[in-house]
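These protein sequence lines map, in sequence, to chains A and B.
According to numbering that gives the first Met the number 0, the stretch in the first sequence is residues 0 to 499, in order.
According to numbering that gives the first Met the number 0, the stretch in the second sequence is residues 0 to 167, in order.
Do not take every clue at face value.
Mimicking DSS-like on lysine-lysine, the simulated pairs with C-alpha atoms at most 25 Å apart in a straight line are [what the hints assert, rightly or not]:
#1 B:LYS135 <-> B:LYS97
#2 A:LYS10 <-> A:LYS497
#3 B:LYS129 <-> B:LYS97
#4 A:LYS335 <-> B:LYS53
#5 B:LYS129 <-> B:LYS48
#6 A:LYS499 <-> A:LYS10
#7 B:LYS84 <-> A:LYS211
#8 B:LYS43 <-> A:LYS335
#9 B:LYS48 <-> B:LYS84
#10 A:LYS101 <-> B:LYS97
#11 A:LYS211 <-> B:LYS43
#12 B:LYS43 <-> B:LYS53
#13 A:LYS10 <-> B:LYS165
#14 B:LYS129 <-> A:LYS211
#15 A:LYS278 <-> A:LYS383
#16 B:LYS144 <-> A:LYS101
#17 B:LYS97 <-> A:LYS211
#18 A:LYS68 <-> B:LYS165
#19 B:LYS48 <-> A:LYS335
#20 B:LYS144 <-> A:LYS211
#21 A:LYS274 <-> A:LYS383
#22 A:LYS211 <-> B:LYS165
Note that these hints are calculated values from the structure, not bench results.
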Amino acid sequence: MIFKPLFEDFKIIGYYLGKVIIGLGFTFIIPIFVAVFFFETNPLIDFLIALEVSLIFGFGLTRLCRTDKDLNWMQGMIVVSLSWLAVTLLGAIPLNLSGHFKSYLDACFEAMSGFATTGLTLAQNLDHMSYAHNLWRHLTMFIGGQGIVIIALSVFVKGIAGAFKMYVGEARDERVLPNVINTARFIWLVSIVYLILGTLALGIVGMLNGMKTVNAFFHGMCVFMAAFDTGGFAPQSQNILYYHSLPFEVVTMVIMILGAINFKLHYHLWMGNRKEIYKNIETVTLFITLMITFFIVAIGLSRLGVYSQALNLFRKGFYHLVSGHTGTGFSTIYAKQFINEWGNLALVGIICAMALGGGVCSTTGGIKMLRIGIIFKALAQDIKRIMLPERAIVMQRFHHIKEIFLEDKSVRSAFMITMAYLVLYSLGSIIGMWCGYPFLDSLFESTSAAANVGLSCGITDTAMPNILKVTYILQMWAGRLEFMSVFALIGFFVAAVKGK
Amino acid sequence: MKNACKKLLLSAIFLVALFSGSCIIAELSFAQNVTSVELINNAKFYDGKRIAYKGEVVGDVMLRGNFAWVNLNDGVNAVGIWVKKELVKDIVYTGSYKFRGDILEVEGVFHRSCIEHGGDFDIHAEIFQKVASGSKLVETQDVNKRNLVFILLGALCLILILNQLKMR
Numbered sequence: 000m001i002f003k004p005l006f007e008d009f010k011i012i013g014y015y016l017g018k019v020i021i022g023l024g025f026t027f028i029i030p031i032f033v034a035v036f037f038f039e040t041n042p043l044i045d046f047l048i049a050l051e052v053s054l055i056f057g058f059g060l061t062r063l064c065r066t067d068k069d070l071n072w073m074q075g076m077i078v079v080s081l082s083w084l085a086v087t088l089l090g091a092i093p094l095n096l097s098g099h100f101k102s103y104l105d106a107c108f109e110a111m112s113g114f115a116t117t118g119l120t121l122a123q124n125l126d127h128m129s130y131a132h133n134l135w136r137h138l139t140m141f142i143g144g145q146g147i148v149i150i151a152l153s154v155f156v157k158g159i160a161g162a163f164k165m166y167v168g169e170a171r172d173e174r175v176l177p178n179v180i181n182t183a184r185f186i187w188l189v190s191i192v193y194l195i196l197g198t199l200a201l202g203i204v205g206m207l208n209g210m211k212t213v214n215a216f217f218h219g220m221c222v223f224m225a226a227f228d229t230g231g232f233a234p235q236s237q238n239i240l241y242y243h244s245l246p247f248e249v250v251t252m253v254i255m256i257l258g259a260i261n262f263k264l265h266y267h268l269w270m271g272n273r274k275e276i277y278k279n280i281e282t283v284t285l286f287i288t289l290m291i292t293f294f295i296v297a298i299g300l301s302r303l304g305v306y307s308q309a310l311n312l313f314r315k316g317f318y319h320l321v322s323g324h325t326g327t328g329f330s331t332i333y334a335k336q337f338i339n340e341w342g343n344l345a346l347v348g349i350i351c352a353m354a355l356g357g358g359v360c361s362t363t364g365g366i367k368m369l370r371i372g373i374i375f376k377a378l379a380q381d382i383k384r385i386m387l388p389e390r391a392i393v394m395q396r397f398h399h400i401k402e403i404f405l406e407d408k409s410v411r412s413a414f415m416i417t418m419a420y421l422v423l424y425s426l427g428s429i430i431g432m433w434c435g436y437p438f439l440d441s442l443f444e445s446t447s448a449a450a451n452v453g454l455s456c457g458i459t460d461t462a463m464p465n466i467l468k469v470t471y472i473l474q475m476w477a478g479r480l481e482f483m484s485v486f487a488l489i490g491f492f493v494a495a496v497k498g499k
Numbered sequence: 000m001k002n003a004c005k006k007l008l009l010s011a012i013f014l015v016a017l018f019s020g021s022c023i024i025a026e027l028s029f030a031q032n033v034t035s036v037e038l039i040n041n042a043k044f045y046d047g048k049r050i051a052y053k054g055e056v057v058g059d060v061m062l063r064g065n066f067a068w069v070n071l072n073d074g075v076n077a078v079g080i081w082v083k084k085e086l087v088k089d090i091v092y093t094g095s096y097k098f099r100g101d102i103l104e105v106e107g108v109f110h111r112s113c114i115e116h117g118g119d120f121d122i123h124a125e126i127f128q129k130v131a132s133g134s135k136l137v138e139t140q141d142v143n144k145r146n147l148v149f150i151l152l153g154a155l156c157l158i159l160i161l162n163q164l165k166m167r
């Protein structure tokens, strides 16, 4: 029997949702400062409207649903899934007002793509976008990458138990520190330290590349946010090709890899435990899958003679592979070149890399390295069982911060999430084909959206059917939250309608 | 007879030279005008050919030694142009939020994956001319949006006051 949700459930959900919306509202202050700094009047008005609407909704909800109760698991999950939809709708307001989007749906697509750190874009005339709006596009990635709820956890949420439920709901099932609020603060500390270092590095490279100082550091900050949060937006329409610079590509590649690493691993590296990087199942799996997928891409590109020199093949092939595998989506070629020039084999290599993703508790999307590692360990265990005498007890271990024995529970969980991702990739591909796009193009774009990558083969365009835009928005949302919160929300609605 | 043959041979050589010369001149002076979409969709066809491309200068003009990178946007995509440093001196405005960039027409060799530049998609320009000057863009304020800011501010203050009253 399904129980109908109580009025109290709605109140608690509304109250915490309001807190998250207030948190989002305050983040609009950053682009407001930027608009003031660069004397951009219209963008200033756009962000003031967005700030006011968010605070009205946020304070209104907390006022209407005031409660002292802490969240339970179901409520925590629903707050998270609704928060992501709410911030998308509100974060799209300044984008839509900017005039760079053909419809509010396109602005919502851009906002979800930013928050979910995907990087697919529908922005028009990006080369004439204001500093404030451009910063907001990248800031959505920084906020979404660290976790929208993590902002609220760090500042507004007092109850630790409820905070943990929201933290888990946002696809972060690992605590770096024993206290989840301290974990959230640590994640912000790491991100801000890297933000300063990354902006400096990219800014200096930009200046050496001949950019004006202000632009070099502005681009540096934006590109850092997109790279570390494995997002993929860039301030100019040509993405990373705009810079025509090998050093810029090298620095962004390092930042992308840092972004794809588990925050827990970052913590251990910060604490001086450098051996962990060679032993951890995630980094080992990442290295192996990078090599395998690069081998596929390299064969594909060399067979077609896309790049006449091996060095150029490596530069283009490896950059896009790292960009896809880490879920970033930076590109130094035009979207159509993937289909027109790269050929099927290289595309399959990139699709596989995109589908796999980076580390758990990082800013990447996709299946993730820990799950792939666990599945392969389970496979190895089963093969050993077949090979050894029946009475032999086969125990499989893996190293993830500490030595862990492989349990059926973790294997089942890894398989379930992997299956859910594969279904999500397939569903988007089927809808893409239904809209008239070829199979490989549809699979490429669907995987890119669902794994929160952002590489495009040209389907993502303002002219694509609205149903496909909505499909990709939902894929980005479900892929970023890793399904549980989304399933909880669906269950909640079913219970509200059918429950007794 | 011998002289006639000699004259005929010389005339033939002259005609061949004239034809080849005019072909080269035609190739140099009548580079095909192409758009970014045509270049991207038919990159293999245009690879290594001399083309003409027109667009607005966007972003920074990035000086690299004796050369510079200029990105030209034709309204759909921007393409990187590799050009000698002295040719970019005429550029005054570059496209951004506050400026419409100069419109330039370039002629040069298109590279689908440039060997010199790590496989980039670019044009190495030899002729580079400004066809229209850019300008400063004037921001026009939307009165409705400005009024909305004040209406929403009133609503927000009301909610905050109600919140305070409830807390007391």
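Hints and how they fare:
| no. | hint | verdict |
| --- | --- | --- |
| 1 | B:LYS135 <-> B:LYS97 | holds, 6 Å |
| 2 | A:LYS10 <-> A:LYS497 | holds, 20 Å |
| 3 | B:LYS129 <-> B:LYS97 | holds, 20 Å |
| 4 | A:LYS335 <-> B:LYS53 | holds, 21 Å |
| 5 | B:LYS129 <-> B:LYS48 | holds, 22 Å |
| 6 | A:LYS499 <-> A:LYS10 | holds, 19 Å |
| 7 | B:LYS84 <-> A:LYS211 | holds, 16 Å |
| 8 | B:LYS43 <-> A:LYS335 | holds, 13 Å |
| 9 | B:LYS48 <-> B:LYS84 | holds, 23 Å |
| 10 | A:LYS101 <-> B:LYS97 | holds, 21 Å |
| 11 | A:LYS211 <-> B:LYS43 | violated, 34 Å |
| 12 | B:LYS43 <-> B:LYS53 | holds, 20 Å |
| 13 | A:LYS10 <-> B:LYS165 | holds, 17 Å |
| 14 | B:LYS129 <-> A:LYS211 | holds, 22 Å |
| 15 | A:LYS278 <-> A:LYS383 | holds, 22 Å |
| 16 | B:LYS144 <-> A:LYS101 | holds, 18 Å |
| 17 | B:LYS97 <-> A:LYS211 | holds, 16 Å |
| 18 | A:LYS68 <-> B:LYS165 | holds, 18 Å |
| 19 | B:LYS48 <-> A:LYS335 | holds, 20 Å |
| 20 | B:LYS144 <-> A:LYS211 | violated, 33 Å |
| 21 | A:LYS274 <-> A:LYS383 | violated, 28 Å |
| 22 | A:LYS211 <-> B:LYS165 | violated, 53 Å |
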